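Engineer: One-letter residues, chain by chain:
Protein chains: 2
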Amino acid sequence: MSQRKIGFIGLGIMGAPMALRLAAGGHQLFVHTRSQLREEVRAAGATVCASAAEVARAADIIFTMLPDTPDVERVLFGAGGVAEGLKDSALGKTVVDMSSIAPIATKDFAARIEAAGCAWLDAPVSGGEVGAKAGTLTIMVGGQQAVFDSIRPLFELMGKNITLVGGAGAGQTCKVANQIIVALNIAAVSEALVFASKAGADPAKVREALMGGFASSRILEVHGERMIKRTFNPGFRIALHQKDLNLALQSAKALKMALPGTANAAQLMQACAAQGDEQLDHSALVRALELLANHELGGSA
Amino acid sequence: MSQRKIGFIGLGIMGAPMALRLAAGGHQLFVHTRSQLREEVRAAGATVCASAAEVARAADIIFTMLPDTPDVERVLFGAGGVAEGLKDSALGKTVVDMSSIAPIATKDFAARIEAAGCAWLDAPVSGGEVGAKAGTLTIMVGGQQAVFDSIRPLFELMGKNITLVGGAGAGQTCKVANQIIVALNIAAVSEALVFASKAGADPAKVREALMGGFASSRILEVHGERMIKRTFNPGFRIALHQKDLNLALQSAKALKMALPGTANAAQLMQACAAQGDEQLDHSALVRALELLANHELGGSA
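These protein sequences, in sequence, are chains A and B.
Be aware that the first sequence starts at 1, since it is given in the working numbering, and climbs by one per residue.
Be aware that the second sequence starts at 1001, since it is given in the working numbering, and climbs by one per residue.
Hints listed in this document are in silico derivations from the structure and should not be mistaken for laboratory results.
Just so it is clear, the structure is predicted and the values come from calculations on it, not from any experiment.
Among the hints, a few may not be true.
As the list claims (entries may be wrong) - Derived SDA-like pairs (lysine to any residue); straight-line CA-CA distance at most 25 Å: (1) A/Lys107 / B/Asp1202; (2) A/Lys243 / A/Met257; (3) A/Lys107 / B/Asn1294; (4) A/Lys107 / B/Glu1208.
Unchecked claim - So these bits of chain B aren't anywhere near chain A, every CB distance computed over 10 Å: (5) Gln1003; (6) Gly1078; (7) Gly1092; (8) Ala1105; (9) Arg1112; (10) Ala1115; (11) Asn1178.
We treat Cβ as the ideally placed atom computed from N, Cα and C, and that holds for glycine.
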C-alpha cells in the first residue's frame, strides 16, 4: 500500500497508540487533539492541525477515536469540525469513526457524511490499550464493502480480527452486542463463584473444574482468575462499561425491546459505583454479588 | 485395575451408557431399575437385583444416577434401599451419587452413609448423553481424597475432565455453579444476538466477529449457532435446566444470598415454558428474548 494522507482526531489512551501504528506503517499523519499532544506522536512526524476542519482539508482518510456520542457529533459537525473541512475538499474522502458510540446516531452521522459526497465507516474496537499498542485489536466494521476493502490495509496495521458486519451502524451494533455478552458473562461467573464459595467449596477449584466444559469462556478464564486473586486494577473500568451498557439500554429503548439481563448487570455495576468501585476493573462486579451474599470469595487479598 | 463388583441404580438416558462403560472396562455389574431394563445392559452381563438393598449387598461400590433429590433419598434410605443393604454388609463399601441434586441435602446423605461405616462421593457430571456414551463426561467430585483416588479409575472409564473440588457436597455445588454459568451465558448470547438483529445487523456476522475476543465462550460457539440456525432439538432440555436453576435458587435461599441474574434466567425459562417450549434445547431461551423484542432472529427456519 502506498503512503496515504491520514487524519487522526482523538489521541487519548487508545487513539495515540493506534495513530502511532499507522505512522509506523509509513503513512503521513495529520492530527488534532484538545488535550496535550503526547511527545511520541510529535516524534513520529505528525503534523499538528489547529482544528478538525484543518485535518479534514489536509488528509484523505480521517479517523476519529473519541469518548462518547456527543464528542463525535461535535468533532464531525460542530464549528471547525470535519464536515466544514470536507466542504472545502475534493469529493471522495473517507471518515472512519473508531469510537464506541450509539448505533442509531451513527446511522445519522453516516448519512450526513455520505450526503457531503464522502464515504463512511464505523469501526469500533475491543482489546483495550494492550491491543492498541500491539496492533491486535478486534475491529467491528459497518459500511459499504468497497469502502471497507479500501481501508482494510490500514485496519490491519491496528488489529487482527477485522470483520465487516453490515451497513453503516452495524459496527457499533456489534460492539454493543460484545459489551452485553462481556458484562453478562462477568455476572455469570460472579454469581457462580460467590455461590460456590458461600456453599463451602474452593472457588479456584470450581473454576478449574468448569474450564473444559460448556461453562468455559474467556471471561471465566481471565476475569474469573482476577476475582479469585483479587486483582482489580484495570483492565477495563466499570465506569466505561457502565457507559456501554447505558448505550445498550438506550438503543434497546429506541428499538422497543427489553434486555432484562443487561438491565440487571447495569444495576450491579451501579451497586459497585455506590461502593466507590467504578475505577476498578469490571471483574470487580463480583464485589456487588459479595455484598448481596454478605460473603467474600477466598483469595490472596 | 482388577475387576470390581459394581452396583448401578438408575439406568436411564445417562445411567445406562455410563454403566455400560463400566462393564466394558471389565467390571462385574449389579443393577436395579424401576423402569424396563434396556436390553444392552442385560446383554453386557449385568445381574438384575430386585431392590437397591440387594445391589448394596452384592456390590462393593454402589453408583446412583437418578432424576432428583427425593429419588436419591428414597433409593438410599427408603424401604429396601441402599442403607438397608449396607447394614447387612462388611464395612468399607463406597456409595457414589452421580445424580445432579441439592448440595445441602447431599451433605446430609454423606454424613448418614459415613455414619454407617461406608465411604461417600458425590460426582455429578456434565456432557449429556453424547458424553456418557463416548466416556467424555466432565465429572465434579465432592468427598475425601483417599476415596476419590480409589474410585478414580472407574471415573476414567466414564469421563475426561475429572476434578475433586472439595469435601462432601462440593461436587454438587460445582455442578450448580456450572448450570448457573451455562444459563446466564445463554441469556447473554440471546440478548446480544436479538439486539443486533433488531438493530438491523446480521446475527451470524456478529457472532463471527465476536468469536475471537472477550465475548467468546463455548455457548457463543455452540448455542449461538443453534439460535441462528433455529435447531432447537435437544441437547439439554429447558425443563431439566429449570430443575437445575431451581436447585440453585433454593440453595441460595438456604444459604441466605441473592442471585439476581440466575433468578432472571429462571424467569426467562418459565416464559419459554409458557409457550410450550420446555422440551426444546435450552438454546431456545432466545425465543423468550424474541418475544420481549417482538422480533425473530434471521435464519433458515
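Engineer: So, for every hint listed, does it hold in this structure?
Structural biologist: Hints and how they fare:
A threshold of 25 Å between alpha carbons decides the hint, and for A/Lys107 with B/Asp1202 the separation of about 16 Å falls inside it, so the pair holds. At roughly 19 Å between alpha-carbon atoms, A/Lys243 and A/Met257 fall within 25 Å of each other, so this suggested pair holds. With a C-alpha separation of about 22 Å, the suggested pairing of A/Lys107 with B/Asn1294 holds against the 25 Å cut-off. Note on A/Lys107 and B/Glu1208: the hinted pairing holds, with a Cα-Cα distance of about 22 Å set against a maximum of 25 Å.
Under the 10 Å C-beta cut-off, the non-interface status given to B/Gln1003 relative to chain A holds; the minimum distance is some 29 Å. The beta carbon of B/Gly1078 is kept farther than 10 Å from every beta carbon of chain A, the shortest such distance being approximately 26 Å. Here B/Gly1092 stays apart from chain A, with its beta-carbon at least about 26 Å from theirs, past the 10 Å limit. No Cβ of chain A comes within 10 Å of the Cβ of B/Ala1105; the nearest lies about 12 Å off, and the non-interface call holds.
Every CB of chain A is more than 10 Å from the CB of B/Arg1112 (nearest about 18 Å), matching its label as outside the interface. For B/Ala1115, the shortest C-beta to C-beta distance to chain A comes to about 20 Å, beyond the 10 Å cut-off, and the non-interface label holds. Not every CB of chain A is more than 10 Å from the CB of B/Asn1178 (nearest about 5 Å), against its label as outside the interface.
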